[in-house]
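*Asks:* Sequence:
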Amino acid sequence: MSYEVKRTVDTYELFTLIDTETNSSVTVCPQRGGIAISCILGGVELFYLDKATLIDPVANIRGGNPILFPICGQLVEGRYEWEGTEYTMRNHGVARNRPWEVVETNEDGEASITLRLRSDASTRDEFPWDFELLFTYALVSGELKIRQTYSNLSGSAMPYYAGFHPYFRCESKDIVYGTDASQYLDYNDNVIKDVQGEIVLTGLKESVALLDATERHISFPGPDNSGKITLNYSDAFKYVVLWQVNGSPFVCVEPWMALNSELNRKAELPMLAAGAKQELELSIAFEK
Numbered sequence: 001m002s003y004e005v006k007r008t009v010d011t012y013e014l015f016t017l018i019d020t021e022t023n024s025s026v027t028v029c030p031q032r033g034g035i036a037i038s039c040i041l042g043g044v045e046l047f048y049l050d051k052a053t054l055i056d057p058v059a060n061i062r063g064g065n066p067i068l069f070p071i072c073g074q075l076v077e078g079r080y081e082w083e084g085t086e087y088t089m090r091n092h093g094v095a096r097n098r099p100w101e102v103v104e105t106n107e108d109g110e111a112s113i114t115l116r117l118r119s120d121a122s123t124r125d126e127f128p129w130d131f132e133l134l135f136t137y138a139l140v141s142g143e144l145k146i147r148q149t150y151s152n153l154s155g156s157a158m159p160y161y162a163g164f165h166p167y168f169r170c171e172s173k174d175i176v177y178g179t180d181a182s183q184y185l186d187y188n189d190n191v192i193k194d195v196q197g198e199i200v201l202t203g204l205k206e207s208v209a210l211l212d213a214t215e216r217h218i219s220f221p222g223p224d225n226s227g228k229i230t231l232n233y234s235d236a237f238k239y240v241v242l243w244q245v246n247g248s249p250f251v252c253v254e255p256w257m258a259l260n261s262e263l264n265r266k267a268e269l270p271m272l273a274a275g276a277k278q279e280l281e282l283s284i285a286f287e288k
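In this text, residue positions in the sequence shown follow full-length UniProt numbering: the first is 1, and each later residue adds one.
Hints listed in this document are in silico derivations from the structure and should not be mistaken for laboratory results.
You can take every hint at face value.
Straight-line distance between alpha carbons at most 25 Å, and here's what the computed DMTMM-like set of lysine to aspartate or glutamate pairs gives:
1) LYS145 with GLU21
2) LYS288 with GLU45
3) LYS205 with ASP194
4) LYS6 with GLU143
5) LYS51 with GLU206
6) LYS266 with GLU132
7) LYS205 with ASP224
8) LYS288 with GLU215
9) LYS193 with ASP180
10) LYS266 with ASP235
11) LYS277 with GLU215
12) LYS145 with GLU4
13) LYS228 with GLU287
Kindly produce the complete structure, drawing on both the sequences and the hints.
*Replies:* Have a look at this one:
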């Protein structure tokens, strides 16, 4: 068989998608926010992971590809107001710190796993809408595809701007990205700057956000500056956020539907109609 889904236990239940033909695998941890913690394409591990933060059940995982929903980034003082009521919500929302349910696995034509997260009393304390998320991680011909369905089960329109936070192994923090974006917002000084060759992240504490890309893909060097990683994503992901931590060998390249604190500003807040659903996709590929 070219495709296999293997279940193991290492502190948590893990599911590894295997494509033997391309020497590729992807490992997913449903219990820790439905996160993919490893992405090996063509024999090369693309993701950084601080395993101690994975094992700690209350830590925010530093590494892998955390799922951001219903917001990306931060809120002003961790709060937002909706129809006269104030709510508090942690950075990046409610999905990354709750267990997801395994719906099914598949080895026919791809190695895949489908996970589900549904709203409950605890999510409604932070985000007062009923929702269902269905994510399918599929390893196909050496490429990771993440197919997403966001469903609003509420009786009113639901604001949300989802995204991803993949940590890519990388020594250099100053990279020339394959993007048609011409400007970025530097959250360190809140100045909009021109993209001119390398985007220098070395020494920056806060992230930067590419603002005006019209093409929904971005590429950059793989680990050890070898090969090329390419992300392709649905039109709804209007922005890509770049972030690093000094002394850590990773760069985060993050497709987002809206910018930081949009649930406070409400200037370009995406809304999903009552009873509606939205289907999106993110793919990660690697060429040596």
